[in-house]
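**Student:** Sequence:
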Amino acid sequence: MRNEQHLVHTGELENPHLLQRKLLQTGAALPFSPLKVLSNGEPCILFQARKLSLRFEKEKPVDLTELTFSPQKLVDTRESLCQQRTATLVMKFGDVEDLRGLSIRLVCLLINSSNVT
1 MRNEQHLVHT GELENPHLLQ RKLLQTGAAL PFSPLKVLSN GEPCILFQAR KLSLRFEKEK
61 PVDLTELTFS PQKLVDTRES LCQQRTATLV MKFGDVEDLR GLSIRLVCLL INSSNVT
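Under my numbering, the residue at position 89 of the sequence shown is numbered 89, and the numbers go up by one with no gaps.
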């Protein structure tokens, strides 16, 4: 069974530039540059985090931070896709510890709040 969740912000912003500035600010420098996905030579997805880890059921957490953000590009993002209203970040890690063929897919949707009831 496939379980998908989508987070959507439907509120009006007084000053969207102020929100963008807050989201991009960090208190301290991050150890790695953001993961960048290009579309037609232009960046369409920037993904950055201090730490990225995954835990399945009662197993120990698997740290994916270095695999994701390392300059050696250890994660495959070739299946990522940017369209007008959606962006899909596909990160293929291959075999990581006991996880075989690990792949993570993040989907971002642009929804016009005036059309949401």
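Keep in mind that a hint or two might mislead.
[Claimed, not checked] With a cut-off of at most 25 Å between alpha-carbon atoms, the simulated BS3-like pairs for lysine-lysine come out as follows:
no., residue 1, residue 2
1, Lys92, Lys51
2, Lys73, Lys51
3, Lys36, Lys73
4, Lys36, Lys60
5, Lys58, Lys73
6, Lys92, Lys36
7, Lys58, Lys92
8, Lys58, Lys36
No lab work stands behind these hints, which were simulated from the structure alone. Every value quoted in this text rests on a predicted model; they were computed, and no experiment measured them.
**Student:** Failing hints, ascending?
**Tutor:** 4, 5, 8
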